[in-house]
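Here the structure of chain A is known, so what remains is to put chain B in place on it, guided by the hints.
Protein chains: 2
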Amino acid sequence: MLTNISMKSAKEILLNEDIEPKTTDVSILDSLDYILAEDIKSNMDIPPFDKSLLDGYALRSEDTANANAENPVTLETIDNIKAGYISKKSIGKGQAIRIMTGAKVPEGADAIIRYEDTVYTDKDVKIYSRLEPNANIAKVGEDIAVGEMVLERGKIIGPADIGIMAFLGKEKVKVYRRPKVAILSTGDELIGINEALREGKIRNSNAYTIGAQVKKIGSEMKMFGICGDNVHSIKEKLCLALQWGDIIITTGGVSVGDADVVKDAFKEIGGKVLFWKINMKPGAPIAVARYRDKLLFGLSGNPAAAYVTFEKLVRPTILRLGGSTEYEFTKVKSILENGFIKAGKSDRIIRAETYCRNGEFFTRLSNRRSSGVLLDLSRTNSLFHISAKAGPYKAGDKIEVDLLDYPREHK
Amino acid sequence: MLTNISMKSAKEILLNEDIEPKTTDVSILDSLDYILAEDIKSNMDIPPFDKSLLDGYALRSEDTANANAENPVTLETIDNIKAGYISKKSIGKGQAIRIMTGAKVPEGADAIIRYEDTVYTDKDVKIYSRLEPNANIAKVGEDIAVGEMVLERGKIIGPADIGIMAFLGKEKVKVYRRPKVAILSTGDELIGINEALREGKIRNSNAYTIGAQVKKIGSEMKMFGICGDNVHSIKEKLCLALQWGDIIITTGGVSVGDADVVKDAFKEIGGKVLFWKINMKPGAPIAVARYRDKLLFGLSGNPAAAYVTFEKLVRPTILRLGGSTEYEFTKVKSILENGFIKAGKSDRIIRAETYCRNGEFFTRLSNRRSSGVLLDLSRTNSLFHISAKAGPYKAGDKIEVDLLDYPREHK
Numbered sequence: 026m027l028t029n030i031s032m033k034s035a036k037e038i039l040l041n042e043d044i045e046p047k048t049t050d051v052s053i054l055d056s057l058d059y060i061l062a063e064d065i066k067s068n069m070d071i072p073p074f075d076k077s078l079l080d081g082y083a084l085r086s087e088d089t090a091n092a093n094a095e096n097p098v099t100l101e102t103i104d105n106i107k108a109g110y111i112s113k114k115s116i117g118k119g120q121a122i123r124i125m126t127g128a129k130v131p132e133g134a135d136a137i138i139r140y141e142d143t144v145y146t147d148k149d150v151k152i153y154s155r156l157e158p159n160a161n162i163a164k165v166g167e168d169i170a171v172g173e174m175v176l177e178r179g180k181i182i183g184p185a186d187i188g189i190m191a192f193l194g195k196e197k198v199k200v201y202r203r204p205k206v207a208i209l210s211t212g213d214e215l216i217g218i219n220e221a222l223r224e225g226k227i228r229n230s231n232a233y234t235i236g237a238q239v240k241k242i243g244s245e246m247k248m249f250g251i252c253g254d255n256v257h258s259i260k261e262k263l264c265l266a267l268q269w270g271d272i273i274i275t276t277g278g279v280s281v282g283d284a285d286v287v288k289d290a291f292k293e294i295g296g297k298v299l300f301w302k303i304n305m306k307p308g309a310p311i312a313v314a315r316y317r318d319k320l321l322f323g324l325s326g327n328p329a330a331a332y333v334t335f336e337k338l339v340r341p342t343i344l345r346l347g348g349s350t351e352y353e354f355t356k357v358k359s360i361l362e363n364g365f366i367k368a369g370k371s372d373r374i375i376r377a378e379t380y381c382r383n384g385e386f387f388t389r390l391s392n393r394r395s396s397g398v399l400l401d402l403s404r405t406n407s408l409f410h411i412s413a414k415a416g417p418y419k420a421g422d423k424i425e426v427d428l429l430d431y432p433r434e435h436k
Numbered sequence: 026m027l028t029n030i031s032m033k034s035a036k037e038i039l040l041n042e043d044i045e046p047k048t049t050d051v052s053i054l055d056s057l058d059y060i061l062a063e064d065i066k067s068n069m070d071i072p073p074f075d076k077s078l079l080d081g082y083a084l085r086s087e088d089t090a091n092a093n094a095e096n097p098v099t100l101e102t103i104d105n106i107k108a109g110y111i112s113k114k115s116i117g118k119g120q121a122i123r124i125m126t127g128a129k130v131p132e133g134a135d136a137i138i139r140y141e142d143t144v145y146t147d148k149d150v151k152i153y154s155r156l157e158p159n160a161n162i163a164k165v166g167e168d169i170a171v172g173e174m175v176l177e178r179g180k181i182i183g184p185a186d187i188g189i190m191a192f193l194g195k196e197k198v199k200v201y202r203r204p205k206v207a208i209l210s211t212g213d214e215l216i217g218i219n220e221a222l223r224e225g226k227i228r229n230s231n232a233y234t235i236g237a238q239v240k241k242i243g244s245e246m247k248m249f250g251i252c253g254d255n256v257h258s259i260k261e262k263l264c265l266a267l268q269w270g271d272i273i274i275t276t277g278g279v280s281v282g283d284a285d286v287v288k289d290a291f292k293e294i295g296g297k298v299l300f301w302k303i304n305m306k307p308g309a310p311i312a313v314a315r316y317r318d319k320l321l322f323g324l325s326g327n328p329a330a331a332y333v334t335f336e337k338l339v340r341p342t343i344l345r346l347g348g349s350t351e352y353e354f355t356k357v358k359s360i361l362e363n364g365f366i367k368a369g370k371s372d373r374i375i376r377a378e379t380y381c382r383n384g385e386f387f388t389r390l391s392n393r394r395s396s397g398v399l400l401d402l403s404r405t406n407s408l409f410h411i412s413a414k415a416g417p418y419k420a421g422d423k424i425e426v427d428l429l430d431y432p433r434e435h436k
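Chains as they are written, first to last, in my numbering: chain A, 26 to 436; chain B, 26 to 436.
This is chain A alone, in the form it adopts within the complex (with noise of 0.2 Å):
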């Protein structure tokens, strides 16, 4: 059994485990943030006709080949053409026909001039400008050709490709589907949200805090409750847990103490254990597993390393299983504020908060000596990966920063 890796090669043996995507097709509106699992070609011309861009006038580009300020050309209006309608007429020499945004260009027309710039009355209309042909229309096709490629498979869906999807026509979209997770409590110490505190017990934060941490990446969690520090009571969750979910996260009984039962528990059930412990600071307890195509992930019952695991092993984990090839954070280029100047022998992820003032990033580094600092957490936004060795740092040095969330303006 692999034991004591280092992250890399922890986030090398999650991204060899060959588990395959799975797809589902949902309606467009519920296909946002997710992933697009297959291509999407133009089924029409975009326009599907020369389309007016402007509120104007439709007319033929060279009866205003002399037209000035000084000299205007006057032209019929023949017809008024709003968006959806189409003029039956084809315009001919010194003719006009009144046009909305949007609406299809009349025959005969190859030039639309702005309503603003002419001066009309019912029945006619003065141009003081030379056009020039296509001169504010957009041509058949011109965006987007029938057949062309439109939106790539893998790509992340946004609002604007909803909007394409629904020019389109098409009512379903083919998505990856997201891995459900189901989550795990162990620890004799553990009571539930709703009870009363008692001499030596806590309270299960930590279903919650990585419950919320599935929920915000839009995977769908269940808790499966807690367990006491036994293997038998783990396995019969775990079977349970395996039921529903494709990943199994569970908090506590990894350390190195008497009651690391989880890794126990992955065997006894037939899984897998991929690695035991990983050589970084928080986070170091850590069992990982598979069972069948199913992955179990068992983090430490410290909220700190339970959290900092998460974002960096098995978040990626549920985003590549989620189709994402986007599943690492983005790294940006950030002024520390405040030092760093422990000597570490392995390497360390400091949890951090960076925020943006004058378009730039600064990050402050959490100063807590403890690792199981709640509201520490509640402040981190951004993680700094230390390598062991690594440092001593400055305030004013410029280092990397993982940005776990959209940045925010400094207030």
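Hints are supplied without guarantee of correctness; some may be wrong.
Put simply, identical chains are the same to the list, so a pair is met inside one copy or across any two.
[Stated by the list, open to error] Derived BS3-like pairs (lysine-lysine); straight-line CA-CA distance at most 27 Å:
(1) 240 / 423
(2) 195 / 247
(3) 197 / 241
(4) 358 / 423
(5) 205 / 164
(6) 151 / 370
Since the hints were made in silico from the structure, they are not lab data.
Frame of chain A; chain B shown alone:
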């Protein structure tokens, strides 16, 4: 009626509309990404007791005063505490109790030594170094004391905040209710997405793009269908939309042409038009009205104009009514990849694609002639505001852009 105002004025007018955000109680897991509408103070000390930070041995630090690698101190092990349990024994001189991470430190002990740093049997443990008082102990209330402010009203609720509330035993939380957004499409040219195209008609994509833009910021939305370019049918649908929505968005019918009917419909149902048209490309045609404590946004039928005015004006309004104080996009400094040479008489908002490479931002401006290009919107993830007469900009210039979304790495 205010008309042809600047984007800045439009924002100020909207900001000054005194509509109070409403609150609602939700279960903590459902509160993710909502804005907290109450101050949360701690109802307990955290940790609730002196807690071991390690798996190891609890002992009296003074017993280790003379311990070193050559002369270890041997302590008698008198008990074994798992997390969640407490020892009834008190540690005396020369004694130790085996303890797990998170367990309550037993009486008499004032330090914990890490398990791996000792040599132990069932009966005793050898210590090879001196321990300071409080070593590896989190003291009761050290993180948060009873009554201390934990989460302040106005905070965006993140996963760790949900964990904190769980820890405090809080099952429900007061958050700001998000406004419900009704979407109404106007235009004789529009047909439903399930209809076959016929000459002069296009499918209604704007409602879907905008619907998804609304969903993206977590608000509920409902489409109220398509109505023709006439005041009567718009009024009818508006009344239905107002019965359900807190904010109404229409598309189409607000340009300078014959079919500028939305503004009239806003007035005829009793709405007060706050402004009409802004000096901005795209997005100039826009009508904004207030009806009781609801806001009505008449956006352009042009997809790009509707998209941009949604992001710049409607989105911050929805967020503000949802209790947010961080409703503006974050601006980042970015290196321009392509130039922009057009001079402009009005302010412009250029659609752009911004990505991160080696920690720095780069921006490609949209160079599509038409503002009606759906594919271009699909790539848009940032906006570059160019003031009237500003520019030209050349490749390599450092600019500031509005980030519409979590920034992505370049691939």
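Flag every earlier hint the structure violates by its number, smallest first.
Hint check: 1 and 5 fail, others pass.
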